[in-house]
Amino acid sequence: MGRVWTITRRELLCFFCSPIAYVVLVVFLAFNGYIFGFLHFRSGTESSLRPLFGYILPLVLVFIIPMLTMRLMSEEYRSGTIETLMTAPVSDATVIAGKFLGTFLFYVLMLLTTLIYAAAVYAFGSPDFGALWTGYLGLLLLGAFYISVGLFFSTCTSNQIVAVVCSFAVLATLAFLTGAISQHVEGATRVIVQHVSITYQFSEFVQGAINLNNLTFFVTTTLFLLFVSVKVLESKRWR
Amino acid sequence: MAETMIKVRNLTKYYGSLLALNDVSFEVTRSEVVGFLGPNGAGKTTTLRILTGYQPASSGSAQVAGFDVFSQSKQVREQIGYLPENAPLYPEMRVREYLQFRAGLKNIARGVISKRIEYVTERCWMKEFVNRPIGHLSKGMRQRVGLADALIGDPKVLFLDEPTIGLDPTQIRETRNLISELGQQHTILLSSHILSEVEATCSRVIIVARGRVVADGTPHDLSARLSEASRLIAEVKGPEGPIISGVKNLPGVKQVETSHEDGWQRLRIATAPGVDVREQVAKLAADRGWNLRELRREVANLEDYFVKIVAEQ
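Top to bottom, those sequences are chains A and B.
Note that the first sequence covers residues 1256 to 1494 in the numbering used here.
Note that the second sequence covers residues 329 to 641 in the numbering used here.
Only chain B is shown next, with the shape it has when bound in the complex (with noise of 0.2 Å):
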């Protein structure tokens, strides 16, 4: 059994008579890489804040790397590295001395700073601008120093807050890369509103709307948990009644739509979850001596999974 690295019980949050989290409880094992999935206001920063111990909760208790993140604030603190949104940085400090900063509040050994910076450096890909003045930054460049100062302190937990926001395409896609490859080596929890993202990156979600965890699981099963998620497409020539009537009377088949299309039925067959009735459509239309051009599954993804989910809510 993997050592567990993130223990939420039971988490509320409010903010004066507003209620951010209500009742929030997951897990996260040791080495996991979990998207917190949510549309903006859900309750993922608040979270995030919580665990890093930045702000209490209301009730429920937390604990990170096993320490208890209220009481043990401060060992949690050197188990972690933190990108909150935005990446909050001194613009008038240059790159290098932010993280020489950030290295010594972190109680890294003097010997080994200049060691850390140079490894984090290389990661994040900062080379060329480890000596410029964070000022004069772009967006993206800043993402990536809040980037190498979460890493800096070589964290068990990495917590990392909307951490492609602002980013052009190209970073976006490093990034994810790079997230991916940490997660090798740290307990990664990144908050998201983006799903490509989360199915890209994270081996599983949780999805949290208005303050509640709706779902967990990884992307795949997410998917595949959605009621529509078995609905097949077949497009066949030949009599629009008997077809209709004959894929209907297949068992596990719910609903038959058509549409003509030059000459042809395209069918919409919505099934039971979890039966695939591609065989027997197509040794049905073999048998009947009906064309078939095309016939394939319409898998759901994560990000219809989460819309119906939200807006379940």
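Just chain A, with the same shape it has in the complex (with noise of 0.2 Å):
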């Protein structure tokens, strides 16, 4: 657990260290601001955070998560540094578990800056904390999934582009294209197509409610995402 730990403060730091990180929160930053503070922050709307939680967050973090998660082990194939990290006494999950959780962090962090549009909401308004907390908990939630895609592909190349570029598709798909899909095909097809789309998944937390299955969907399509991406990791050994 040290070692994992160690992992994660060297991801952590290296956010801060490269542009990459500034970039990403600037841009968070300025979007969030701008949708909330010009479009939903006025007197006579709902004094509550679900615009913000249910359409925007989850479709700005689709474009920004890759960002963060596209150099996790890219970057390590491509510098050669993959040869001293792999030969210290560290083991695969380890090192997959370590960089997730330094992202994740970072996330976290990023998140923690909207709390001052809840502030706002609060002080001008009496908002559902319920639905405030069970918001918070589907990003969380989401975050995770988002960063396990990126973190899946970042562990299959060296090129960091590759990376972004699939992980967005893969992410984009999830999140727009599923709804669209959805319309065109029938019976069970459209139950898959409506039960992998995020929008789906996610539209129960902001309302409110904790459902066993999002949470079930979250959880386990993360979990499985590390666990391939320690098989890759494992598999690039022997290549």
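There could be a bad hint or two in this list.
As the list claims (entries may be wrong) - Sample of chain B residues lacking proximity to chain A, with all beta carbon distances greater than 12 Å (derived):
id, residue
1, Tyr410
2, Glu420
3, Arg540
4, Ser587
Unchecked claim - Calculated pairs, SDA-like style, for lysine to any residue (alpha carbon to alpha carbon, straight line, at most 20 Å):
id, chain 1, residue 1, chain 2, residue 2
5, B, Lys402, A, Leu1429
6, A, Lys1491, B, Ser386
7, B, Lys582, B, Gln593
8, B, Lys335, B, Arg540
9, B, Lys636, B, Glu626
10, B, Lys402, A, Val1487
11, A, Lys1491, B, Lys335
12, B, Lys402, A, Thr1349
None of these hints come from the bench; they were simulated from the model.
Because the structure is a prediction, the values reported are computed rather than measured.
Using N, Cα and C, we set each Cβ at its ideal position, and we do this for glycine too.
Dock chain one against chain two, each of which comes alone in its own frame, and use the hints as you go.
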């Protein structure tokens, strides 16, 4: 466990050593600020963060998270540091877990900045705290899932561009296209397409409900992708 | 009998259909400094990668510090320090941060970490740049950071892949001295394609070419094994015919070549291995009344041996 934390700490530190973290944070803050401040935060609207949680964040994250995850493993392959990393007495799972946690903590930091909107809503209205907390819980699960998708593609390739494009394509398909696709298919296929839709899985959290199905979806897909990443990393040794 | 630290048995490695290592076997005992010598692409790096647990072998087995590199990979990695070729590092980190990170990975006790960092900083002459970002360092400095990382866990076995590549002559000399000093506490296997380096730092040399071990011995042994090892140079003044026939008739002499140099005969005498005819040549010259101004043995160095053995493959 100590070694996982060692890797986590290095990853967090690296976010702040590179310009990427700052660019991502600025884009994230500016976008949320604009949406919240100009479009939502006015008298007469509902005192909640529902628009922010329901539409804005999940979609903004589709663009932002791949940028955070693209270098996680790809950079190690490209620069050759993978050789020192994998010849240190750490297991493949430790490396993946550390990288995942480091990115997740940075993501939590990003989410913390949105608390200011919660404070603003609280100051001028009486929001439903239950829905606020479930919304945040949903966002944590959603972020973990996005990060595991990005980490998986970063583990597959030494090219950061390939990693970012593939993660973006998969996340965008799951987030935007599933709705449209489900209109054109019938029966069981339709049910499957609907269920892999992130918007579908996420919507109940925004409404203030913790549904075991949604919870299971995010937790198991995240764990599965992390597991596959470990296996991909393991298989790299054999090539 | 000294403890065996590295034991390699019939190691073979294919990359796809490319045969990189072909039935390599050798042993290294405790506190030996062994040079792994070969031309580029001979399989040096591949061997080191297998021994450090980075890549599995296609067949054969290897043990480091008593652990199998495949089935007990983690235990092996706890016992070793490895400096890969070109010392890959994280450019965005500062040297001290990097060493702290590596010490954490190697599970060095929290209380000892700063002590170990101080020790390796001192040992690898990094005092003046230990707080600078790695990305700002010169090649030589980075190489030293890589070496410091290899040393930080006080490993039993050190693997150094071309440790002096990219260094300037002063740094090369310093690094060689450092390696020789480290050899007193650690078992070291270093790879190199520079012969003088191996001759200067290693107590034993293993020469590899095209994935095979082609020679194994002390630098001195290997030089002596070269068949032309005993070649004599003599410069004599006197009648040409009698000189040549006289020297040729000495026991053990195989061949004599002559050339002229301002009135002197310059003889190159090839003898059977292990035969030294210097005394007889001097006696012959004295008996016949020839003048003798030079008589020396031309000792083949490791370089000759290396070129010869690699060319034979």
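Hints, verified against the model:
no., hint, verdict
1, Tyr410, "violated (5 Å)"
2, Glu420, "violated (4 Å)"
3, Arg540, "holds (23 Å)"
4, Ser587, "holds (52 Å)"
5, B:Lys402 x A:Leu1429, "violated (39 Å)"
6, A:Lys1491 x B:Ser386, "holds (15 Å)"
7, B:Lys582 x B:Gln593, "holds (18 Å)"
8, B:Lys335 x B:Arg540, "holds (16 Å)"
9, B:Lys636 x B:Glu626, "holds (16 Å)"
10, B:Lys402 x A:Val1487, "holds (19 Å)"
11, A:Lys1491 x B:Lys335, "violated (25 Å)"
12, B:Lys402 x A:Thr1349, "holds (12 Å)"
Hint compliance for this structure: hints 1, 2, 5 and 11 are not met, and every other hint is.
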